[in-house]
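Please build the complete structure, drawing on both the sequences and the hints.
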Amino acid sequence: MPGTEGWKMAKAAFTYAKEYSGMLKNQRSRRVLSIFLMVMGGVLMYLAPEILPGLVLLGLGVVVELVGIALERRN
Numbered sequence: 002m003p004g005t006e007g008w009k010m011a012k013a014a015f016t017y018a019k020e021y022s023g024m025l026k027n028q029r030s031r032r033v034l035s036i037f038l039m040v041m042g043g044v045l046m047y048l049a050p051e052i053l054p055g056l057v058l059l060g061l062g063v064v065v066e067l068v069g070i071a072l073e074r075r076n
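Heads up, the sequence shown is in our numbering, so the first residue is 2 and it goes up one at a time.
There may be inaccurate statements among the hints.
Each pair of labels, with its calculated beta carbon distance range [said to hold, decoys possible]: (1) A13 to M41: 17 to 27 Å; (2) L56 to R29: 34 to 44 Å; (3) N27 to I70: 14 to 24 Å; (4) L56 to T16: 16 to 26 Å; (5) A13 to L53: 15 to 25 Å; (6) P50 to R29: 28 to 38 Å.
By construction, these hints were calculated from the structure, which means they are not laboratory data.
We treat Cβ as the ideally placed atom computed from N, Cα and C, and that holds for glycine.
Below is the structure:
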């Protein structure tokens, strides 16, 4: 099925963030890192051109956003 590689990469990144966010015990550090990652993901999505490399940047931006959200949701 075409296009499933991106979903696999996003799922792997989300799982990695969820499992290893325990290394950041301090909630403030996790929050700062998650905000930084969400901003960087937004910048990558905004700067993505309309050609194939732009699609890669857009996918990377989405993955970075997901990692940031996973870190923020960790209790």
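Against the structure, the hints:
no.: 1; hint: A13 to M41: 17 to 27 Å; result: holds (18 Å)
no.: 2; hint: L56 to R29: 34 to 44 Å; result: holds (35 Å)
no.: 3; hint: N27 to I70: 14 to 24 Å; result: holds (18 Å)
no.: 4; hint: L56 to T16: 16 to 26 Å; result: holds (23 Å)
no.: 5; hint: A13 to L53: 15 to 25 Å; result: holds (22 Å)
no.: 6; hint: P50 to R29: 28 to 38 Å; result: holds (36 Å)
Taken one by one, the earlier hints all hold for this structure without exception.
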